[in-house]
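Undergrad: Hey, can you work out the whole structure from these sequences and the hints?
Residues 3 to 247 in my numbering are what the sequence shown spells out, letter by letter.
Calculated directly from the structure, the hints in this document are not laboratory data. Note that the structure is a prediction, hence the values are computed from the model and not measured. All C-beta atoms, glycine included, are put in the ideal place defined by N, C-alpha and C. Take the hints with a grain of salt, since some may be wrong.
[Unchecked claim] Quick list of simulated restraints, FRET-style, between CB atoms:
#1 113 <-> 65: 39 to 47 Å
#2 158 <-> 65: 45 to 53 Å
#3 92 <-> 243: 30 to 38 Å
#4 218 <-> 155: 46 to 54 Å
#5 110 <-> 53: 30 to 38 Å
#6 132 <-> 242: 21 to 29 Å
#7 155 <-> 226: 37 to 45 Å
#8 63 <-> 172: 42 to 50 Å
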Amino acid sequence: MLRALLLLTAFIPLQAFSAELRLAVASNFLITAEKLASAYEQETGHEVIISSGSTGKLYTQIRAGAPFDLFLAADAERPERLVNEGYALPESRVTYALGQLAIWSRKANFNLEPEALLRQPPKRLALANAATAPYGRAAEQAISYLGLTDLPSTQVRGENISQTYQLVYAGAAEVGFIAYSLYTARPSGSIWQIPTEAYDPIEQQMVVLKRSTNLELAYQWHAWMLSEGRTIIAAEGYALEAPNA
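TA: Following this line, the structure appears as structure tokens:
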């Protein structure tokens with residue numbers, strides 16, 4: 003009977019043993035995470051469930067007990083805090099992508115270089131909330147660096163970078179500071195990629211959370227994302243650190 007059972011289980015497909023992986027993902031990385039999840043699910047049979055929001059809000063949810071396995075943040079600060087506060091495993095903290103900031107408008111042939119914006123300022127300029135979104139903090143740094151501090155445009159704020167993109171897309175702002183990856187996902191209108199020296203590096207880090215109910219699976223994703231996943235990440239408009247940098 004035991005021999006028959008062993009023979010039977012040998013023919014059960016991988017999907018029968020599939021598990022569930024829960025990711026907390028910064029909003030700028032959502033589209034990329036969905037593509038990664040699709041490739042990972044096809045390869046392993048495991049289901050990936052994604053919850054997305056601003057890095058600051060997700061950090062607060064994790065500290066409040068939200069049941070995630072991994073946190074894919076848009077900065078290095080919040081993952082480091084989670085490690086120091088005992089919510090994440092120290093050896094798992096690693097940079098998975100370097101975010102890139104851009105100025106975007108839905109209008110075609112719109113000159114978005116700083117000199118042109120000063121000559122013809124947009125009525126409304128969209129930025130992410132710097133308190134909760136690393137891309138918002140980077141946008142504020144870029145405004146100062148590029149000499150746009152005195153731009154008379156009314157600033158409208160999104161809670162996260164995806165909401166900021168939507169403000170421009172919906173016409174609530176003519177121009178917005180967005181993650182370059184959001185443009186590469188749906189290229190349209192006009193884009194100007196901001197020089198990286200204009201803002202502190204947007205070092206996006208990942209951590210495995212101690213609350214994870216399946217640490218083995220969490221680390222499997224962790225390793226897969228840093229190997230097979232790198233090609234997808236680079237294709238979505240992110241820069242990558244050299245391996246083991």
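Undergrad: Going through the earlier hints one by one, which of them does the structure break, listed in rising order?
TA: 2, 3, 8
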